[in-house]
Structures are given as C-alpha cells and as structure tokens.
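Visitor: Sequence:
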Amino acid sequence: MARTAQHLAARAITVHGLAHPVALALLTAATTAAARAWDAGHAVNDIHLISRHTQANARRRRHRRP
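Residue 71 in our numbering is what sits at position 58 of the sequence shown, and the numbering runs on without skipping anything.
Take these hints with a grain of salt, some might be off.
[Unchecked claim] Ranges of calculated distance between the beta carbons of each label pair, as one might list FRET restraints:
1) Gly54 - His33: 27 to 37 Å
2) Gly54 - Gly30: 16 to 26 Å
3) Leu37 - Arg16: 13 to 23 Å
4) Gly54 - His29: 29 to 39 Å
5) Leu37 - Val57: 27 to 37 Å
Hint data in this document are derived by calculation from the structure and do not stem from the laboratory.
Cβ coordinates follow ideal geometry from the N, Cα and C atoms, glycine included.
The task is simple: from the sequences and hints, build the whole structure.
Guide: Take a look at the structure:
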C-alpha cells in the first residue's frame, strides 16, 4: 500500500509539479501509508524509484499538453 501510494505521488509530481493539489494529496496519502506501515512494525526505509518506463510516459504526456 505504501509503495503504491508513493508511486502514484511520484507520478503526479512528475506530471503536474509539486504544487499541484492532486500531487499534494497523493503525497499526503503516501506519507500516511508509510507511517501506518511503520507503526505496524514494517521496515519503511526504502525509497521506491520510478521505473524508466513510467518516467518516459510522463514526459510524453507532459509534452502533449498545450
């Protein structure tokens, strides 16, 4: 759950920028999911990087916009 939330937040930040409300909401959800996982006893010490495929798709989507 925390990993998925982090990926969604990273995608939104890549596509929309950090100040976008959707990116901020997803970043908050990722933080909350990581905190809950930590409280449940899971080791939350990794940063899950975005794949090159996801980055390339985000760049393509960003360049299509007016």
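Visitor: Against this structure, judge whether each hint is valid.
Guide: Here is how each hint holds up against the structure:
Evaluation of the 27 to 37 Å hint for Gly54 and His33 yields a pass: the beta carbon distance comes to about 33 Å. The hinted range of 16 to 26 Å is not satisfied by Gly54 and Gly30, whose Cβ atoms lie roughly 35 Å apart. A hinted range of 13 to 23 Å holds for the C-beta pair Leu37 and Arg16, which are about 19 Å apart. Between Gly54 and His29 the C-beta distance comes to about 34 Å, which sits within the given range of 29 to 39 Å.
Here the CB-CB span from Leu37 to Val57 is close to 20 Å, at odds with the stated 27 to 37 Å.
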